[in-house]
Amino acid sequence: MATTSPTVRTGSALPRWARNLALTLLILYIVLLVGPIAGLDAPRIWQSIAAEPKTLVQVALVGLANGSIIAIIALGYTLVYGIIELINFAHADVFMLTAFMSLTVLGAIGVDQKSSSGQIFVGVLVALVVAVLFGALLNASIERLAYRRLRNAPRLAPLISAIGVSFILQNLGLFWGGLRIIFPVMGVNAAAPKTFPQLLPEGILFQDGPIIFRQKDLIIILASVAFMIALRLFVQYTRLGKAMRATAQNRDAAKIMGINVDTVIAFTFLLGGGLAGVAGLLVGLYNGTIVFNMGLTAGLRAFTAAVLGGIGNITGAMLGGFLIGLLAAFSDVYFSSRWTNAWVFAILVVILIFRPLGLLGEAGGEKA
Amino acid sequence: MSAQVPSIPSNGSVNGNVLLEAKGVTKRFGGLVAVNNVDFTITQGQIASVIGPNGAGKTTFFNMITGIYTPTEGTLTFNGSSIAGLKPNQITAAGIGRTFQNIRLFANMTALENVLVGMHTRLKAGLAPILLQTPAVVHEEVRARERALQLLDYVGLGRRIAPAAARNLSYGDQRRLEVARALATEPKLLLLDEPTAGMNPLETAGMTTFIRRLRDELGLTILLIEHDMLVVMGISDRVSVLDHGTKIAEGTPREVQSSPQVIEAYLGQGGAEEKLAQMKERSHARTA
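Protein chains in written order, with the working numbering: chain A, 5 to 372; chain B, 24 to 311.
Be a bit skeptical, because a hint or two may be false.
With a straight-line Cα cutoff of 20 angstroms, these simulated SDA-like cross-link-like pairs (lysine to any residue) come out [what the hints assert, rightly or not]: (1) B:K110 x B:P158; (2) B:K110 x A:D266; (3) B:K110 x A:N156; (4) A:K220 x A:R152; (5) B:K110 x A:R155; (6) B:K147 x B:N131; (7) A:K58 x A:Y241; (8) B:K147 x A:V265; (9) A:K58 x A:L300; (10) B:K147 x B:T98; (11) A:K118 x A:G245; (12) B:K46 x B:Q124; (13) B:K110 x A:R255; (14) B:K147 x A:K58; (15) B:K147 x A:F179; (16) B:K110 x A:V265; (17) A:K58 x A:L330; (18) B:K110 x A:R153; (19) B:K110 x A:L154; (20) B:K110 x B:E44; (21) B:K110 x A:D256; (22) B:K147 x A:D266; (23) A:K118 x A:I208; (24) B:K147 x B:G103; (25) B:K110 x A:G127; (26) B:K147 x A:I216; (27) B:K147 x A:L222; (28) B:K147 x A:L154.
Just some of the chain B residues that point at chain A, by a computed CB distance under 8 angstroms [claimed, not checked]: (29) I91; (30) T93; (31) P111; (32) L150.
If you are wondering where the hints come from, they were derived from the structure by calculation, not from laboratory data. Ideal Cβ positions, reconstructed from N, Cα and C, are used throughout, including at glycine.
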């Protein structure tokens with residue numbers, strides 16, 4: 005019998021580079037085919053950038069401001085995923101409810117644009133504290149009621165549970181929005197977007213043609229970055245942060261080191277919910293409107309950001325948040341705002357094909 | 024290896040007191056009886072070993088002592104109070120530390136951080152002080168760091184290894200780091216699950232000496248699972264033999280070596296010397 009050459013392989017005969025090339029060509033083909041429909045018209049984009057390059061700078065600034073909020077929400081996904089490998093689909097709806105809570109608190113205190121800056125400062129501070137506590141406790145209660153018992157169940161069970169909780173919270177938001185008798189700030193229509201008082205200073209810090217950088221842009225970016233840095237330091241250096249990382253990396257060993265894993269997981273949910281509270285207030289203050297289903301888009305973008313950066317990785321979530329913010333702003337202006345979500349997910353798909361662990365993800369995962 | 028001895032508070036009881044007592048401990052997984060009606064005691068300051076063929080239930084027994092499994096039946100008493108059914112973190116807090124058969128370090132943390140995690144239960148700071156980073160918390164963290172460095176020294180890794188990621192350490196060093204991490208929990212009883220697995224003869228000899236030092240210098244009581252008969256017979260005060268989940272022999276190394284049940288469990292028949300020689304060979308083959 006003739007001996008077969010040792011180089012002959014059975015099964016998938018294509019070498020890796022050829023498969024990657026084929027994939028690249030396929031993606032290129034789809035982009036060229038569908039791209040123009042979705043606003044990818046290179047000559048037009050190039051022309052508008054050449055005609056007014058400063059708009060590009062403005063787009064970048066808007067992207068950074070929105071991206072910083074996306075990043076804060078993304079941290080909630082990534083923290084929870086890092087520690088129990090669950091995509092907490094209810095997270096974005098916790099964020100939505102904290103925005104409702106912020107509005108309720110501001111309405112109850114009665115501050116609006118016309119109040120003195122001292123009153124506004126106190127009002128926003130109170131709203132921040134209440135929103136953070138509310139988000140934290142809500143998220144931790146969800147963990148206790150809906151996820152803890154499923155911790156050793158197949159992974160799909162808590163995931164479906166999370167989706168269920170997400171729907172419950174959305175309906176809770178709709179209900180809350182209809183309570184105009186108790187909370188006059190909610191307006192007439194339960195499902196309609198609610199107007200958030202414009203409390204952030206609108207003073208222009210810098211203006212050059214279309215580039216306008218307001219105080220509130222700066223405040224949003226600084227506030228988000230401050231919270232992210234604080235979280236990073238907390239997880240890196242404190243005893244509880246170390247316990248979180250230990251639990252994420254090896255739950256059994258963490259138990260033997262005397263760590264109460266249940267407490268650490270509950271604390272992680274508290275932390276994620278608190279961050280959602282920060283984002284809820286910031287979004288209301290920055291965008292001026294909130295609506296009961298805003299968790300959907302925000303959540304999908306934040307989740308994409310977390311995966312893009314490498315889910316489970318805190319720095320990755322921040323990076324992913326800013327990138328998604330920039331991409332969305334660019335798409336809004338230069339592609340077509342209707343297709344922005346499609347572009348966000350197209351980028352996600354491409355990145356996952358070529359770098360499934362995300363931009364900063366490592367094999368084995370640097371978790372939490 | 025030369026280092027000052029870190030002070031692990033001894034519990035003050037006289038040698039000879041019973042530290043851990045298991046009575047009629049049984050663990051069933053469905054129809055499988057992994058550990059069957061085992062009685063076991065270890066007294067303060069002893070080095071005791073549990074041996075037995077693969078699948079004899081040794082690690083399951085360890086897992087019950089450390090709270091990873093709850094015994095189906097039986098009682099476990101540590102230092103005078105019952106520990107059956109407690110959570111692993113409560114048992115660690117009570118004073119039982121352990122290492123794992125397959126190393127389970129926190130691979131992406133540094134050596135120092137691994138030891139600091141071990142100190143978790145011994146640090147007092149509550150949530151609010153941690154968030155506020157009060158001076159007391161900062162001071163506690165600084166002291167913890169210093170003690171962690173001492174422990175790295177003590178197990179022979181040295182302080183220079185502190186910033187290295189645990190996953191980048193050599194196999195032998197990872198084992199030492201696991202011991203340092205277990206010592207950081209300030210145990211009275213230390214469980215070592217195959218501490219010399221995968222080590223060459225030289226490393227094994229070093230580990231044997233080290234285990235004895237842990238007892239002599241730190242006053243620890245040590246319970247080990249071990250396959251290497253040279254190690255077991257060399258350092259154990261008492262040896263217990265498990266087979267198919269049942270304790271079939273117990274006594275001094277010499278008594279156990281000549282026990283007919285033990286020989287049968289390992290070989291079916293044949294002399295003790297022959298059995299030992301074969302087991303040595305096997306354990307060396309495993310390291311190769």
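Each hint tested on the structure:
no., hint, result
1, B:K110 x B:P158, "32 angstroms, violated"
2, B:K110 x A:D266, "10 angstroms, holds"
3, B:K110 x A:N156, "16 angstroms, holds"
4, A:K220 x A:R152, "40 angstroms, violated"
5, B:K110 x A:R155, "16 angstroms, holds"
6, B:K147 x B:N131, "25 angstroms, violated"
7, A:K58 x A:Y241, "42 angstroms, violated"
8, B:K147 x A:V265, "17 angstroms, holds"
9, A:K58 x A:L300, "32 angstroms, violated"
10, B:K147 x B:T98, "30 angstroms, violated"
11, A:K118 x A:G245, "42 angstroms, violated"
12, B:K46 x B:Q124, "25 angstroms, violated"
13, B:K110 x A:R255, "13 angstroms, holds"
14, B:K147 x A:K58, "55 angstroms, violated"
15, B:K147 x A:F179, "44 angstroms, violated"
16, B:K110 x A:V265, "10 angstroms, holds"
17, A:K58 x A:L330, "15 angstroms, holds"
18, B:K110 x A:R153, "16 angstroms, holds"
19, B:K110 x A:L154, "18 angstroms, holds"
20, B:K110 x B:E44, "18 angstroms, holds"
21, B:K110 x A:D256, "11 angstroms, holds"
22, B:K147 x A:D266, "18 angstroms, holds"
23, A:K118 x A:I208, "19 angstroms, holds"
24, B:K147 x B:G103, "24 angstroms, violated"
25, B:K110 x A:G127, "44 angstroms, violated"
26, B:K147 x A:I216, "50 angstroms, violated"
27, B:K147 x A:L222, "39 angstroms, violated"
28, B:K147 x A:L154, "31 angstroms, violated"
29, I91, "7 angstroms, holds"
30, T93, "13 angstroms, violated"
31, P111, "4 angstroms, holds"
32, L150, "7 angstroms, holds"
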